[in-house]
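Residue numbers (this note's numbering), protein chains in the order written: chain U, 76 to 395; chain S, 76 to 395; chain C, 76 to 395.
What the hints contain is simulated information worked out from the structure, not anything from laboratory work. Do not rely on the hints blindly, as some may be mistaken.
[To be verified] Under the rule of at most 27 Å between Cα atoms (straight-line distance), these lysine-lysine pairs were calculated in the BS3-like manner:
hint: 1; chain 1: C; residue 1: Lys272; chain 2: S; residue 2: Lys155
hint: 2; chain 1: C; residue 1: Lys185; chain 2: C; residue 2: Lys155
hint: 3; chain 1: U; residue 1: Lys272; chain 2: U; residue 2: Lys105
hint: 4; chain 1: U; residue 1: Lys128; chain 2: C; residue 2: Lys185
hint: 5; chain 1: S; residue 1: Lys125; chain 2: U; residue 2: Lys394
[Said to hold, decoys possible] A partial selection of chain U residues facing chain C, derived with a Cβ cut-off under 7 Å:
hint: 6; residue: Leu118
hint: 7; residue: Gly120
hint: 8; residue: Leu124
hint: 9; residue: Thr144
hint: 10; residue: Ile152
hint: 11; residue: Lys155
hint: 12; residue: Leu374
hint: 13; residue: Thr378
Note that CB positions come from ideal geometry on N, CA and C, so glycine has one too.
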Amino acid sequence: MNPESISNDAQLDASGKLIHLLGLKGLPKKELEHILDVADDLLDGQGNLKKSKALDDMSVANLFFEPSTRTRNTFEIAAKRTSANTINVDLANSATKKNETLMDTMQTLKAMQIDMFVIRHKKNGLPHRIASNIDGVAIINAGDGINAHPTQALLDMMTIRQHKGSFEDLSVAIIGDIRHSRVAHSDIQALSTLGVKDIRLVAPQYLQYKGTLTEGISRLDNLQEGIDGVDVVMTLRLQKERMVAADIPNEQAYFKTYGITEEKLKLAQPEAIVMHPGPVNRGIELDSGVADGPQSVILQQVTNGIAIRMAVMVVLAGKA
Amino acid sequence: MNPESISNDAQLDASGKLIHLLGLKGLPKKELEHILDVADDLLDGQGNLKKSKALDDMSVANLFFEPSTRTRNTFEIAAKRTSANTINVDLANSATKKNETLMDTMQTLKAMQIDMFVIRHKKNGLPHRIASNIDGVAIINAGDGINAHPTQALLDMMTIRQHKGSFEDLSVAIIGDIRHSRVAHSDIQALSTLGVKDIRLVAPQYLQYKGTLTEGISRLDNLQEGIDGVDVVMTLRLQKERMVAADIPNEQAYFKTYGITEEKLKLAQPEAIVMHPGPVNRGIELDSGVADGPQSVILQQVTNGIAIRMAVMVVLAGKA
Amino acid sequence: MNPESISNDAQLDASGKLIHLLGLKGLPKKELEHILDVADDLLDGQGNLKKSKALDDMSVANLFFEPSTRTRNTFEIAAKRTSANTINVDLANSATKKNETLMDTMQTLKAMQIDMFVIRHKKNGLPHRIASNIDGVAIINAGDGINAHPTQALLDMMTIRQHKGSFEDLSVAIIGDIRHSRVAHSDIQALSTLGVKDIRLVAPQYLQYKGTLTEGISRLDNLQEGIDGVDVVMTLRLQKERMVAADIPNEQAYFKTYGITEEKLKLAQPEAIVMHPGPVNRGIELDSGVADGPQSVILQQVTNGIAIRMAVMVVLAGKA
C-alpha cells in the first residue's frame, strides 16, 4: 500500500481523544505536544527515568512480525516501567502459522484481555487495518513497512525540544535513505506539525523522498548545502541492500559523499545537534568523532525513547 | 502409553486435596465444580478478568517440550494475573539436551524454588510421571500427547455452565478428530462427571473415539444425526496430517461432511452454543458465518481459559 | 586472553566498595564473606528462599552471548526474587549482528536505564572490558570463556560453609577438566582466599590446571590419592569434545579412572560432601548412587545459586 494513501483517522475517537498511535500524519499538534509533555514529566531533574504505576492493572503484548530486538526491548522496558504486565508473543511459531487468520489471532489476544498491542510489521498500513477491525484494544504502531514509526519520531521531537526549546525557527537536515525510511517519513510529519519551516531532505537520487513536498520542505542531493547552517542534523541508517540498488559502489563512497565528519559538521550551526535512530554504522553514516562528540545526542535519544513509549502507553490508557 | 491405563491418582493427596492437575478422569465432581466456582469469581460483572494477589510470593515455570505459543501465553498471562513470578524455560536449548535426565532437570528447577510446573509434552502420561517422582511442586498438565488437556476441558465446562446453568439435561455433540484429541478426551470425562446423559461423538471411522463407552455416550458418523437437537456443539481442530491418514480427500470434503454451516446448525436447539478450542480453520471445521455468529462462544472460551488457569493455580496454591 | 593476565581491579571503586562482580581473584576475603552472609540471610530457617524488595526500582538485563538456559534462568529468578524488572536481550538477533559495535550496544542498553548487566561470553575478559568502558552500570560476570564464573564459586563456598562451618582446616579435591573450567578457576581462587590449605587438583595430564600453583595447591593425576581423606569432593562437568582431545577413549574409560562411585567415595572423610555444578552426566562424573546419595549436596547448590545471585545483586545495588 502506498504510504500516502494510508489514513490515521482511526487513532482518534469521535471526540478527538487518542485511542491508538498509528502515525503522526493528521495527529493534531496539541495531542503531539501532550505526549511530549507527559514524557518530559517521566524524567527527573537529572534526566533519569521515573517509574510509574499508571498501568498496574493492564497488560501489553509485543507483536513483532518483523524481528527487531532493540525496539521490542524498548517497548518491553517502557511497559514494565509503567507497571504493566508484558507478554512477548512469538509470532514466528504461533497460530498465524497454523492457518489462523491474522484477525482471529488479534481477537484471541484481545479475548485474553490484553489491553494494548505493540505491532511491528513489514506491510505498510497493517497496524491501521487491525485498529479498524478491533475495538477495545489500543494499537501502537512500532513500525510498519516504510510507512511510519511514530514513537521514533516522537522521541526525536522530544530530544530536539530539550535542546532547542521550540521548533518554529529551526532548520533541520534529514540525511540518508529517506525513501525507504519509516523513521524519516514520521519525522517529516512531526517537524511539519510542530512548525519547522526549513526541512532539508538530503539524499542521492535513488534514495530521495518520493512523497509530495509541502511548504518548507526541500530536496537536495548535496550534503554541504544540506547541512549549511542547520540546527539539527538527523542521520538515517543505511541498509546495505539499498546501497547496492542505489548504485553506490561501496560504503566508503557513501561515507565520502553523505557521511558526517567533524569537518563537515562545522558547516552547521555551532550548537547543532546530531541525531541517529541507531544502531549506528560508524564510518558510514557518521564517523566516530561525531558519534561520540559533544554535539551527538544519540544516547539521549535512547533514554527519551523509553520515556516516549511510556508516555504513549499512559496517554492511551487514559491516565494522562 | 495407552491413555486408558494412565491414572490421575497422584493429583489428590491422602486427604483428597488437589495437589496437581493431571487430568479430569477420577477428579471428583465437587473438586471440579470448585475450580469452576473459583474461576467464576475471577470475572467481574462485565465478564472481564480481575487481577489477583493470591500467588504474589510464588513462582510458576512454563515447561513446554512441545511448542504451543498460544497455550503457553495463556498460562503466562494467568500466572501474571495472580501476581506470580513466571519463567519460560527454553527446553529446546536446555540441559535436557546436554544429556541430563528429565528428572534431574525437574529436580533442579524445583531446587530453584519454583512452586508450579506447567508441562506440555508429546508423550502420554509424562506429567503424571513427573508428579509421581517429585514432591513439593504442583504439576499442571497443559496437554500430554493425546491423553488429556484438563484446563481446556475446564474452560469448556465453565463456558457451558455460563450459558446453560446446569449439565444434567444437556445434549452435547463433539465433532471431528476425537481419536487424537486430548481436548475431546478431557471434555468427555468432564461432561460425564458433571452428569451429561447424552454425549454424541461424531467423527468418520478413522478419527472416531477408540476408548470404552460409558453410559450416555454414543458414537455416530453422521453429522446431521449428531447435532440434531443438541444444546452444545463442540468442534475440534483438524490436523492436516490426520486428514490424509483418515482418507479424507481434501479439506472441502471434510467441510462438506463435518463442517458446521449456518444451515446445519439449524438442526441443533435454537439456543445451542458453538465451541472450538482454537485456532479455527475457517471453511474446514466451521464456516465464518458460524464462527462469527451469535451462537459462537469461541472468544468467550479464550477469556474463560485465563480465568480457569488462574483458578487452577489459586486452588493448587491452597489459596481457595 | 590468558586468564592469568586478566585483572579484576575494576570491580572495586577507589574506596574498596564492590561495584561489579568480575571474578574472585583479588576480591578481599571480607567482601567475599559479606556476600556469603547476605546470601545466608536470604534463606529462612528451613533452607527456603525469601523474597526481597531490595531492587524494586531497578532493572537487570541478561546478556548471554553464549547460550546457557540454566544459568540465565537462575539469574532471571534471582532478579525477580529481589523485585527487579528483568529483560532477556536476544543477542543472536540483535544489533550486534547489524555491525553495531559491542560497546555501542552496551551504551545503548545503559541509556535504556538498565542498572545491571549479567554477561556471559565465550571470550576471556570480555565482562572486564565492558566494566572498564562503561560507568554507572553494574556488571556481573556469568561466565567468561575459561576464565571465571564467580557466582558459581560463591555458591560453592556458601554450600561448603553450611556443611563445614569454616575453611581453614579443610582438604578439598577438585576433579575433572580443570584446565577448561571457569568454575574450577574461580573455585581455586575462592578456596585460597578463604584459607583452605589443601586444595588437590585431580585430572589427567591434558585436562590439568595450567595456572601457577600457590601454596597449598597440588596437582595429581590419581583419583584415589586425590580424594584420600578430603572433606569436600568437587566434581566438574566433562565436555565430550574435550574428552576426545584428552585422548580419553570413551566415557566408560573416564568414569573408570575419574568417576566417583560409592566405593571410591569411602576414601574421603565419612562426612565429606560431594558437589557438582550441574548438569550431571550420570555414569561419567558420578554414578547415580553418589549423585542421589546422602553425601550429595548438588540440589542444595542449586538453591544456594539463587541466594548467591540475589545477594550479589543486592550488594551491587548498595542495599546490603
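Tested hints:
With a C-alpha separation of about 49 Å, the suggested pairing of C/Lys272 with S/Lys155 is violated against the 27 Å cut-off. Between C/Lys185 and C/Lys155 the CA atoms are separated by roughly 19 Å; this keeps the pair inside 27 Å, and the hint holds. As the CA atoms of U/Lys272 and U/Lys105 are separated by approximately 18 Å, the hinted pair is consistent with the 27 Å bound. With a CA separation close to 22 Å, the supplied pair U/Lys128 and C/Lys185 stays within the 27 Å bound.
As the CA atoms of S/Lys125 and U/Lys394 are separated by approximately 19 Å, the hinted pair is consistent with the 27 Å bound. The criterion of a C-beta within 7 Å of any C-beta in chain C is not met by U/Leu118, whose closest approach is roughly 10 Å, and the hint is violated. With a least beta-carbon distance of about 15 Å to chain C, the hint placing U/Gly120 at the interface is violated under the 7 Å criterion. Hint status for U/Leu124 relative to chain C: holds, with the closest Cβ pair at about 5 Å, below 7 Å.
A least Cβ separation of about 4 Å between U/Thr144 and chain C falls short of the 7 Å threshold, and the interface hint therefore holds. The interface hint given for U/Ile152 is met, as the beta carbon of that residue sits about 6 Å from the closest beta carbon of chain C, less than 7 Å. Interface restraint check: U/Lys155 against chain C, minimum CB-CB distance 5 Å, threshold 7 Å, status holds. The restraint placing U/Leu374 at the interface with chain C holds, with a minimum CB-CB distance near 4 Å, inside the 7 Å limit.
Of the supplied interface hints, the one on U/Thr378 holds, with its beta-carbon coming within about 5 Å of a beta-carbon of chain C, less than 7 Å.
Violation of the numbered hints given earlier is confined to hints 1, 6 and 7; the remaining hints are satisfied by the structure.
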